[in-house]
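K.L.:
The listed protein sequences correspond, in order, to chains X, R, V, E, C, W, G, P, H and D.
The numbering of the first sequence is my numbering, which starts it at 1 and goes up by one.
The numbering of the second sequence is my numbering, which starts it at 148 and goes up by one.
The numbering of the third sequence is my numbering, which starts it at 295 and goes up by one.
The numbering of the fourth sequence is my numbering, which starts it at 442 and goes up by one.
The numbering of the fifth sequence is my numbering, which starts it at 589 and goes up by one.
The numbering of the sixth sequence is my numbering, which starts it at 736 and goes up by one.
The numbering of the seventh sequence is my numbering, which starts it at 883 and goes up by one.
The numbering of the eighth sequence is my numbering, which starts it at 1030 and goes up by one.
The numbering of the ninth sequence is my numbering, which starts it at 1177 and goes up by one.
The numbering of the tenth sequence is my numbering, which starts it at 1324 and goes up by one.
No lab work stands behind these hints: they were computed from the structure.
Because the structure is a prediction, the values reported are computed rather than measured.
Worth double-checking, as some hints may not be accurate.
With beta-carbon atoms standing in for the labels, derived distance ranges [what the hints assert, rightly or not]:
{"no.": "1", "chain 1": "C", "residue 1": "Pro731", "chain 2": "R", "residue 2": "Ala163", "range": "52 to 58 angstroms"}
{"no.": "2", "chain 1": "G", "residue 1": "Lys933", "chain 2": "E", "residue 2": "Gln461", "range": "48 to 54 angstroms"}
{"no.": "3", "chain 1": "R", "residue 1": "Ala163", "chain 2": "D", "residue 2": "Gln1343", "range": "47 to 53 angstroms"}
{"no.": "4", "chain 1": "E", "residue 1": "Leu460", "chain 2": "G", "residue 2": "Ser1001", "range": "42 to 48 angstroms"}
DSSO-like, lysine-lysine: derived pairs with alpha carbons at most 27 angstroms apart [claimed, not checked]:
{"no.": "5", "chain 1": "V", "residue 1": "Lys439", "chain 2": "R", "residue 2": "Lys198"}
{"no.": "6", "chain 1": "R", "residue 1": "Lys174", "chain 2": "R", "residue 2": "Lys156"}
{"no.": "7", "chain 1": "W", "residue 1": "Lys752", "chain 2": "W", "residue 2": "Lys795"}
{"no.": "8", "chain 1": "V", "residue 1": "Lys311", "chain 2": "X", "residue 2": "Lys14"}
{"no.": "9", "chain 1": "X", "residue 1": "Lys14", "chain 2": "X", "residue 2": "Lys55"}
{"no.": "10", "chain 1": "D", "residue 1": "Lys1349", "chain 2": "P", "residue 2": "Lys1174"}
{"no.": "11", "chain 1": "X", "residue 1": "Lys17", "chain 2": "X", "residue 2": "Lys27"}
{"no.": "12", "chain 1": "V", "residue 1": "Lys359", "chain 2": "R", "residue 2": "Lys292"}
{"no.": "13", "chain 1": "D", "residue 1": "Lys1378", "chain 2": "D", "residue 2": "Lys1349"}
{"no.": "14", "chain 1": "P", "residue 1": "Lys1038", "chain 2": "H", "residue 2": "Lys1185"}
{"no.": "15", "chain 1": "C", "residue 1": "Lys643", "chain 2": "V", "residue 2": "Lys308"}
{"no.": "16", "chain 1": "C", "residue 1": "Lys639", "chain 2": "V", "residue 2": "Lys303"}
{"no.": "17", "chain 1": "G", "residue 1": "Lys908", "chain 2": "D", "residue 2": "Lys1349"}
{"no.": "18", "chain 1": "H", "residue 1": "Lys1190", "chain 2": "W", "residue 2": "Lys880"}
{"no.": "19", "chain 1": "H", "residue 1": "Lys1241", "chain 2": "H", "residue 2": "Lys1227"}
{"no.": "20", "chain 1": "P", "residue 1": "Lys1084", "chain 2": "X", "residue 2": "Lys60"}
{"no.": "21", "chain 1": "X", "residue 1": "Lys14", "chain 2": "G", "residue 2": "Lys1027"}
{"no.": "22", "chain 1": "C", "residue 1": "Lys602", "chain 2": "C", "residue 2": "Lys653"}
{"no.": "23", "chain 1": "V", "residue 1": "Lys439", "chain 2": "R", "residue 2": "Lys292"}
{"no.": "24", "chain 1": "G", "residue 1": "Lys947", "chain 2": "R", "residue 2": "Lys156"}
{"no.": "25", "chain 1": "W", "residue 1": "Lys790", "chain 2": "W", "residue 2": "Lys800"}
{"no.": "26", "chain 1": "E", "residue 1": "Lys586", "chain 2": "C", "residue 2": "Lys648"}
{"no.": "27", "chain 1": "D", "residue 1": "Lys1349", "chain 2": "G", "residue 2": "Lys896"}
{"no.": "28", "chain 1": "R", "residue 1": "Lys164", "chain 2": "G", "residue 2": "Lys942"}
C-beta atoms are modelled at their ideal positions from N, C-alpha and C, and glycine is treated no differently.
There are 10 protein chains.
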Amino acid sequence: MNRNDVTEKIISTKVAKGLQWEAIAKKVGQSKEWTTALCLGQMTATAEQAKVLGKIFGLKAEEQKWLQVVPYKGSLPTPVPTDPLIYRWYEIVSVYGTTIKELIHEEFGDGIMSAIDFSMDITREADPKGDRVNVVLSGKFLPYKQY
Amino acid sequence: MNRNDVTEKIISTKVAKGLQWEAIAKKVGQSKEWTTALCLGQMTATAEQAKVLGKIFGLKAEEQKWLQVVPYKGSLPTPVPTDPLIYRWYEIVSVYGTTIKELIHEEFGDGIMSAIDFSMDITREADPKGDRVNVVLSGKFLPYKQY
Amino acid sequence: MNRNDVTEKIISTKVAKGLQWEAIAKKVGQSKEWTTALCLGQMTATAEQAKVLGKIFGLKAEEQKWLQVVPYKGSLPTPVPTDPLIYRWYEIVSVYGTTIKELIHEEFGDGIMSAIDFSMDITREADPKGDRVNVVLSGKFLPYKQY
Amino acid sequence: MNRNDVTEKIISTKVAKGLQWEAIAKKVGQSKEWTTALCLGQMTATAEQAKVLGKIFGLKAEEQKWLQVVPYKGSLPTPVPTDPLIYRWYEIVSVYGTTIKELIHEEFGDGIMSAIDFSMDITREADPKGDRVNVVLSGKFLPYKQY
Amino acid sequence: MNRNDVTEKIISTKVAKGLQWEAIAKKVGQSKEWTTALCLGQMTATAEQAKVLGKIFGLKAEEQKWLQVVPYKGSLPTPVPTDPLIYRWYEIVSVYGTTIKELIHEEFGDGIMSAIDFSMDITREADPKGDRVNVVLSGKFLPYKQY
Amino acid sequence: MNRNDVTEKIISTKVAKGLQWEAIAKKVGQSKEWTTALCLGQMTATAEQAKVLGKIFGLKAEEQKWLQVVPYKGSLPTPVPTDPLIYRWYEIVSVYGTTIKELIHEEFGDGIMSAIDFSMDITREADPKGDRVNVVLSGKFLPYKQY
Amino acid sequence: MNRNDVTEKIISTKVAKGLQWEAIAKKVGQSKEWTTALCLGQMTATAEQAKVLGKIFGLKAEEQKWLQVVPYKGSLPTPVPTDPLIYRWYEIVSVYGTTIKELIHEEFGDGIMSAIDFSMDITREADPKGDRVNVVLSGKFLPYKQY
Amino acid sequence: MNRNDVTEKIISTKVAKGLQWEAIAKKVGQSKEWTTALCLGQMTATAEQAKVLGKIFGLKAEEQKWLQVVPYKGSLPTPVPTDPLIYRWYEIVSVYGTTIKELIHEEFGDGIMSAIDFSMDITREADPKGDRVNVVLSGKFLPYKQY
Amino acid sequence: MNRNDVTEKIISTKVAKGLQWEAIAKKVGQSKEWTTALCLGQMTATAEQAKVLGKIFGLKAEEQKWLQVVPYKGSLPTPVPTDPLIYRWYEIVSVYGTTIKELIHEEFGDGIMSAIDFSMDITREADPKGDRVNVVLSGKFLPYKQY
Amino acid sequence: MNRNDVTEKIISTKVAKGLQWEAIAKKVGQSKEWTTALCLGQMTATAEQAKVLGKIFGLKAEEQKWLQVVPYKGSLPTPVPTDPLIYRWYEIVSVYGTTIKELIHEEFGDGIMSAIDFSMDITREADPKGDRVNVVLSGKFLPYKQY
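Put together the whole structure using the sequences plus the hints.
P.N.:
Written out as structure tokens, the structure is:
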């Protein structure tokens, strides 16, 4: 057994039972973004969270333990994603990558925006011309230091 | 002459003169995100915008014309970016890609978040534990249609 | 179970029963292009469509549910397709890619032809020198906007 | 000197003079699709066509000769194109590739749609919800033969 | 079940029974080159041919049906083949590729040698200094057309 | 100076003067296939052949010397060729690779068809349904030996 | 002019003048590791440091400005380095990567060792069986947070 | 059975029993770094060590034998690792690779730091601003020799 | 069943029984290098050799037949090998590749060293500073011929 | 100026003057293998050796200094070499890689054959059936150590 088996069981059960990520997240007590990433094999659960998910998805004790093991992260099967929704994000990095770099350095100097001390919030933005996906990313700025 | 030559001249002049993207954007009359992407060879200028940039960077008539030609987009030299700041964004797509997909589909159904009818806003978020980079992405939801 | 299992069952049953995509599409009530893409794991069915396909291919309730889940899209095993029929399409993109780009921009300005708000129609074009494949692609033009 | 030098001169001159592909094609006496592909280094000109283009772009005798040499074809710098407009076409091949294959084989049997005995027509399709790009591809069906 | 399963069964049975491609081809009534390609999952059989092969390899009705379905072609596991015999052919394309291109264009003008309307004949060429493999490739010339 | 500079000069001069490979080969006294490969930087000339080519293309003494140096072979810019004519050959290797392997082994046992002790002959094959390209490849069979 | 030009001038001057990184670092007032990375185009200098380097390497005012611009980082020409010394480091990541992951997670829980809030110290470790390279890496642990 | 099966059993058992690498290493009598690498399929055990691990993980005689067979090394599924913790190490090689090369050559001359005659020590470094991961790498310097 | 299954059975049995390649080779009556390559799925056995190996490894009649079928060669899972021992050989080709080319051409003219009419002999070379691996490669020189 | 410029000058001069590596090596006082690798930019010269080469190839003081700088090693333009002579060596690693690994481990245990403490000797082996290339590789065995 490995983490991937647990992830597949979670997804399979979610489809069979017709569950929603948002409702699952509420039971776990965390944001829908973090909770979904956890269920998709990218984050690490506490024992308590694993128990909650165990109940929702019918996970055995050993499967719950795997949720508490830090996974090998990376959710995509290829370096350039083929799925159109995910590709658009890759495209944003490709087209705007140097722009993002310039503007963060202009404001903060040399360093990076953390992808670890990081949170993400995805919401619907109502718009008469067609609703929009609104995403807020927040990452701690980490400066390169001289030594 | 091609667009790349113009981009290099803009960057080179910016360094030599010590200019700031935010100030340049104000003169152009657009956001700093769009204006920087334009200057880095990813967007297309109107004749008037090209003239403004021409003054700032000392661009000749032909160079200004190139700013008005739609460029071959994509700002990165490799499919997986090596620069740490840009890589963190690639990592977000890699680690959270399937999460983003699940949550947008849960809210909107099958479709994508547009990277064309799209805007981005990068700001400093003050934080006593260390300031954060706050980025708001807004993209129109485009539904897959049956036909 | 996952979507791929359902796709394989559909293809396998189609061969065993000697079915035709066009006839299947008529029962689903959509075009043969969209319906085939759905059956090959690229599109998302409504509950009713899933039921129709369930009858045709002998799909169980859970398999029908998977047809209603948005799939991870992309139908090819390699970035450059090896199958000669599909490669010819890749070749058209490779040889005519910059031409298509120039002509759409000349007519519409900066933006793209949508692959989401999109339809395709494949027909036989009779020709005394040898019949031709006639394909009509229709995609909404999406303009890049300044912000 | 090589064909690429001639292509770059053509593009550069087009920008400097503000020419349009459609007008150029009319002078050459062929479609805008074929003529643009020729100018972008993908097709081969007759002596007469080379002369016409020579006049338009100020090409010397040797440069005109290069237009009559069959070029090494392929217009994209990477196997997976980064430019959003061209990528959408790659995405169509990726998402619909197996669908196209199934439907052509269902109609014609084993074989391919030729990318050589081929033509393409790109037009604007007026639409109250937003104009569309309409593209008609016509390729001769070439059957695999037993021997 | 898929075509690959049928191919593996054919190869496995051939080894177990000690059959020869040439003898199989005679029963099928086609060349050894085309028949072998068919058995290796690259070509499409008629119902009658499938029946003949069914008898030779003990294929069930459903397996025979798969032989009549157009396969996803391409027989190699990697873009650059590692097997020395097949690599030598890749090397011929690599070393002589531009030569072949020049000479076909010199004789025929712009166009290609078809790999669809194509046949191949492999024979032993006796030679006192060591026998040679003699291969005749015949492909229809397809001219690029202006439109 | 390197061999590539000489190759470019040869090609450039050939276009400028409107020469033909077949006529060049006759002066060199070898086949058009070998001579073209030599001129394209893949083979090695004798001093005498270099002198003949020197006269035809106006090569200086040092350039003639480079023709006598064994080149780093491989004439294609990418592992999978983008040019349609050359790609068809790659496709033949991809689709028929395992077939070629089976049939050569069936006739000769374990070993390869040499790409070094090798010759190629490209001719026009008249055909009322459209002329064909006829190519004869002849390579010495080299058996794997036990030791 | 770009940063790469400055890097090449620095390296070229260092060879011509026979300078040592350790001595340069002392003048800059930082460690030899950080200073070398700065000179090789990976770090960002203060105005004062740029002035010191300007004196050492004869850099003009504009070149000194480039040292103060955040560079596009990544010092290797290929994803897998070919240079044996650097490859050994890649090999350590390849062979010990999962080990490092397990042990850091065992000690710290889910998170990473920062490559930004990071320092490195390379020294000679005397050893009678042959001196050793001793490298101390120190990176802040950054925990993944739930949100 | 192969080494990979044994590795998976070890990891699976470790999760099920909640074991710690440090404790396992103490029983084996070697460092936690080497022992973990051994358990993850990268190193080779003595018969005695295999027996100790056999007891801890419930390995059968044949599984213990596999621990004594030299494995095919390399623990990562892709050339560029996607896991953020391991990627940071790859990034260090990418950003500092040329720096490390320069400084080792400055101190030792031409040669490499061995990844075979090598040891690694990972510890927690207490720090009021946030604890750090401290890693000491020690590799024998191996000089290139002239011959 | 395929050759790979036989290879895995041979390796698995070798570990379980604690056999040595050298002893196996003696029974086969060929060198340890060729025999090991045969057992690892790279060479082709005679019926008699297959019988000998059948006895040693407990292979059934059908498995013995597979040893007599020419395999698809190439023993490495990635183009650049990750295993350190095998990588060093790749590195020798990378670092010394052009040197080997120059020296063989200097001695023999244009051509190659055969990897088919080839043998290899690996022995221990005693050395007070540490024993060495001594490898003798012998390959027939095959000259490129003009035609 | 960089090492690559010096390498190109050396090769260019060697062709122009018609020099031989073996004769150059004698003047340098080292083997032809090491000396050629040095001249091709893979090894590092002493001041004296640089002076000798400086005389032979007409190198200026600064160029001689570059020969004494440790180069970024790796002499091939692609991971899989296209040149047939060098490819055969890559093929030996591909076909015999696992065999070499097995036999060295059988004789020496876990460890590698060094590519640093390494020498190579290439000679002509007379053979009535065609002369052979005989290559002796000698690399120190480096054992993996437990710690």
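K.L.:
Any hints from earlier that this structure breaks? Give me their numbers in increasing order, please.
P.N.:
4, 8, 17, 27
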